[in-house]
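Participant: Sequence:
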Amino acid sequence: MTKILMLMILAVIVTGCAPLTPKDCHKNSAINSCTYNRSGKVSDKDLFGYQALGIKKALDAALIEPHAWGGKRCDAHLDFKIDGTLQNFIIKSGDEGYCHALVEASKRTLFPPFTDQHVYDVMGSSRWDFHGQP
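All the letters of the sequence shown, read from the start, carry residue numbers -18 to -1, 1 to 116 under mature numbering (1 follows the signal peptide of the UniProt record, and there is no 0).
Hints are supplied without guarantee of correctness; some may be wrong.
Cut-off 27 Å, straight-line C-alpha distance, at most; resulting in silico cross-link-like pairs (DSSO-like, lysine-lysine) [unchecked claim]:
1. Lys(-16) - Lys54
2. Lys89 - Lys63
3. Lys39 - Lys(-16)
4. Lys89 - Lys54
5. Lys38 - Lys54
6. Lys63 - Lys74
7. Lys89 - Lys74
8. Lys38 - Lys63
9. Lys39 - Lys63
10. Lys38 - Lys(-16)
11. Lys54 - Lys39
Label pairs and their in silico Cβ distance ranges [to be verified]:
12. Asp77 - Asp103: 51 to 59 Å
13. Ser107 - Glu78: 30 to 38 Å
14. Glu86 - Asp111: 54 to 62 Å
15. Thr(-17) - Pro95: 26 to 34 Å
16. Arg55 - Lys89: 18 to 26 Å
17. Thr97 - Gly53: 30 to 38 Å
18. Glu86 - Tyr32: 53 to 61 Å
19. Asp77 - Tyr32: 43 to 51 Å
20. Asp61 - Ile(-15): 19 to 27 Å
21. Ser108 - Thr(-17): 31 to 39 Å
22. Arg90 - Asp28: 53 to 61 Å
23. Ile(-15) - Lys38: 56 to 64 Å
24. His59 - Pro94: 17 to 25 Å
No lab work stands behind these hints, which were simulated from the structure alone.
A quick note: this is a predicted structure, and the numbers were derived from the prediction, not measured.
Every residue gets a Cβ at the ideal spot worked out from N, C-alpha and C, and that includes glycine.
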């Protein structure tokens, strides 16, 4: 019995404490917080990318002249409710005309709801870098 107990203790010491990680969580030890390497780019093929793409498409569809803004950009901070309701559209920098066109379009836009709580926690209040359609 003592040999088995000593062998179990030795195994725990040798293997160390493996981090317990939820899906898509990156951490180096069990006591660290999770980090998620998600950019939220519209080209990402994950929940973050699909949410970003849905928001971008909805906003582009509401622009009165979407192709008039080719080559223009706008940095903005957007705050959403989990149901997709836009609470704030705060312009940070960029082409003044394009930014104001996005603000006006956002008032007419029905944004997609957030279907994942973690995606909402990360993207519900975040900075966006918009680029006009060619």
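Participant: Evaluate each hint against the coordinates.
Facilitator: These are the hints, each one checked on the structure:
Straight-line distance between C-alpha atoms of Lys(-16) and Lys54 comes to about 72 Å, which puts the hinted pair past the 27 Å bound. A distance of roughly 15 Å separates the Cα atoms of Lys89 and Lys63; the hinted pair therefore holds under the 27 Å criterion. About 65 Å separates the Cα atoms of Lys39 and Lys(-16), which puts this hinted pair outside 27 Å; it is violated. A C-alpha spacing of about 20 Å is found between Lys89 and Lys54, which places the hinted pair at or below 27 Å, so the restraint holds.
Between Lys38 and Lys54 the alpha-carbon distance is near 15 Å, which keeps this suggested pair within the 27 Å criterion. Proposed proximity of Lys63 and Lys74 is supported: the alpha carbons are some 20 Å apart, at most 27 Å. With a C-alpha separation of about 18 Å, the suggested pair Lys89 and Lys74 falls inside the 27 Å cut-off, and the hint holds. With a C-alpha separation of about 16 Å, the suggested pairing of Lys38 with Lys63 holds against the 27 Å cut-off.
Taking the CA atoms of Lys39 and Lys63, the gap is about 18 Å. The hint holds against a cut of 27 Å. A hinted pair counts as satisfied when its Cα atoms are at most 27 Å apart, and Lys38 with Lys(-16) does not qualify at roughly 63 Å. Proximity of Lys54 to Lys39 is assessed by CA-CA distance (about 16 Å); at most 27 Å being required, the pair is judged to hold. One distance hint, 51 to 59 Å for the beta-carbon pair Asp77 and Asp103, is violated here, with the actual separation near 30 Å.
For the pair Ser107 and Glu78, the supplied restraint of 30 to 38 Å is violated, since their beta-carbon distance comes to about 24 Å. At roughly 19 Å, the beta carbons of Glu86 and Asp111 sit outside the given window of 54 to 62 Å. With their beta carbons about 59 Å apart, Thr(-17) and Pro95 fall outside the hinted range of 26 to 34 Å. With their beta carbons about 20 Å apart, Arg55 and Lys89 fall inside the hinted range of 18 to 26 Å.
Roughly 33 Å separates the CB atoms of Thr97 and Gly53, a value that falls within the hinted 30 to 38 Å. One distance hint, 53 to 61 Å for the beta-carbon pair Glu86 and Tyr32, is violated here, with the actual separation near 26 Å. The supplied range of 43 to 51 Å is broken by Asp77 and Tyr32, whose beta-carbon atoms lie about 27 Å from each other. With their beta carbons about 57 Å apart, Asp61 and Ile(-15) fall outside the hinted range of 19 to 27 Å.
Checking the proposed 31 to 39 Å range against Ser108 and Thr(-17) shows it is violated: the Cβ atoms sit about 57 Å from each other. About 28 Å separates the C-beta atoms of Arg90 and Asp28, a value inconsistent with the hinted range of 53 to 61 Å. One distance hint, 56 to 64 Å for the beta-carbon pair Ile(-15) and Lys38, holds here, with the actual separation near 59 Å. Between His59 and Pro94 the beta carbon distance is about 19 Å. The supplied range of 17 to 25 Å therefore holds.
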